[in-house]
Structures are given as structure tokens and as C-alpha cells.
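Q: Here are the chains, one letter per residue:
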Amino acid sequence: MQPAPASPIATFAARAVMLAVVWLMLTLGDPSAWGFGAVVIALVAALSVLLFPPSIHRLRPLGLVQFLTYFLGHSLIAGIDVARRLLTPSLPIRPGEITLSLRLPEGGPRWLLANTLSLMPGTLSVHLEENQLTVHCLDTSDAIEPGVRQAEFQVARAFGITLDPPEGVRA
Amino acid sequence: MFDGLVIAVQLVLLVAGCVFFAMGSLGLFRFPDTLTRIHALTKADNLGLGFIVVALLPLAPSFAAGFKTLLIWVVALAASATSAHLVARAVRGNTVGGSRTEDDDG
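One line per chain: the protein sequences are A and B, in this order.
Numbered according to this note's numbering, the first sequence spans residues 1 to 171.
Numbered according to this note's numbering, the second sequence spans residues 1 to 106.
What the hints contain is simulated information worked out from the structure, not anything from laboratory work.
In this text, a Cβ means the ideal position worked out from N, Cα and C, and glycines have one as well.
Just to be clear, a hint being listed does not mean it is correct.
Some chain B residues near chain A, calculated using beta-carbon distances under 8 Å [claimed, not checked]:
no.: 1; residue: PHE20
no.: 2; residue: ALA44
no.: 3; residue: ALA65
What follows is a list of derived Cβ distance ranges for each label pair [to be verified]:
no.: 4; chain 1: B; residue 1: VAL12; chain 2: A; residue 2: ARG58; range: 22 to 32 Å
no.: 5; chain 1: A; residue 1: PRO146; chain 2: B; residue 2: LEU57; range: 28 to 38 Å
no.: 6; chain 1: A; residue 1: LEU26; chain 2: B; residue 2: LEU14; range: 21 to 31 Å
no.: 7; chain 1: A; residue 1: THR69; chain 2: B; residue 2: VAL12; range: 17 to 27 Å
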């Protein structure tokens, strides 16, 4: 099942609505800002469709909520983890890198995963090429790969993608 | 009574936010190299800003202003993740022996 990308017009309209909501927040609903805002929104939406054409991967509301819950929880763990290491006199870190094969399709999903991992406990996305993601780890003795796979699963669910069987997982 | 509780929670969140910002800065001094320092900065500052934003939400004069405050956090997160990745990629490109070269004239 391969859904077709949305038409450029529909994408333009959807992004314009999103930008309008952001503009509404930025200007706190000041009516005098709408004239300028309308022009900027139209230009930015048009530019975004040119630069980032409609994709077959769209965020699902339910999956997005689940992803955000996961993200907030793990942001908290990540911050506390770094603080704990910093406050321990022996500075318990064992930095290193691992490279993994991603199962997510390219484009938005991979990009979201790479950026998410930089804010998750112990991982920092260093290099993404094709489906090979290199992650810098704060502590290589931690179980890094299960964490990355969990984040990958969360991103896939946010986009409504079913992942292939985990061939990249090394036991 | 209820107001007092809200203020107490805000106070705790603000202090927690500042503590995590301090942690990010401490990471700059304690961690040994650029990549580990980025770990500290992105993760601790993300959380610090998050706490401060949540603490300020009850003070927002309107719904839109509250969302504007949240928007600051979202944009800061995106900027922090992106810049962390770019710095990490640049550092690694330099230390691994230049498998990637920047396309400038130098």
C-alpha cells in the first residue's frame, strides 16, 4: 500500500493554515497584523512547497500525541541523566560512536528521528547518509541500540508507518 | 489558597529550570571534548527551558500568549537539535581525517 502524495495545492493550503495559526500566536491576534501576515504566509507557504514538495508521509494526530508523550518523558530522563553524570565526581562517561541501519523511509521520518535522538538520553546524531545513521554516545556501556529502535518505532508510529522486520538489529 | 499552590509550583519549576541551565554550563567545563559537551548543552538546556516555559504558563494573559510561550520552546528545541547535529558533523569531519570536506575555497 503506497499512498500518493497530496496535491501541491492541498499541501499549500494545509501549510498556510498552520502558518496562520503560528502568526496568530506571534501577534496575539492583533487585527492590524493580518495584512502583512497574509502576504508573508502566502510567500512562505509557496516557498515551502517548492523546497519541500508534498510527501507521502504525513503525521497522524494520535501517533503524534503518543510521540510527544514519549519525547517529553525521555527529555526529562535525558536532562537528569546528564546532570547525574556531571555531579558524580568520577564523571562516569564512556564516549563512543555507533552506526545503525535505519528502517525508516528517507525524508521527514529520518530527519525527525535524527533530531529527536540528539535530545534523547545519551545519544547525539552525528551523521546521516542514506539509511546509515552515526550516533555519538555519552556512555557506550549503556544499551544504545534498543533506545534508538524505540525512538525509531515512535517516529514511525507518528507518521503511521509500519516498519520492516528488524534486520539491522545485532544481538 | 489555590493561588499560593500555583505560585509554589511555579517557584519550584523556575528553580529546577535554572538548575538544569547551570548543569548545561557545568557540562562545558567538566566534559572532555566538543561532542560530549554538546550532549550536556542540548539535553540540559532543553529541559531547563522547558521547566521555565511551563512555570511561566499560568502568568500568560491570554490563550494565544500561552501558546506563544510554548512556541518559543518548540523553536528553541528545533534550533538546538539542528545546531547540535551541525556542530557534531563538523567536529567529526575534522577529527576523522576529513572524509568530508566543506565546499568552500579554503
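Q: Each hint needs a verdict: does it hold in this structure or not?
A: Verification of the hints:
no.	hint	in the structure
1	PHE20	holds (5 Å)
2	ALA44	holds (5 Å)
3	ALA65	holds (6 Å)
4	B:VAL12 <-> A:ARG58: 22 to 32 Å	violated (39 Å)
5	A:PRO146 <-> B:LEU57: 28 to 38 Å	holds (34 Å)
6	A:LEU26 <-> B:LEU14: 21 to 31 Å	holds (24 Å)
7	A:THR69 <-> B:VAL12: 17 to 27 Å	holds (22 Å)
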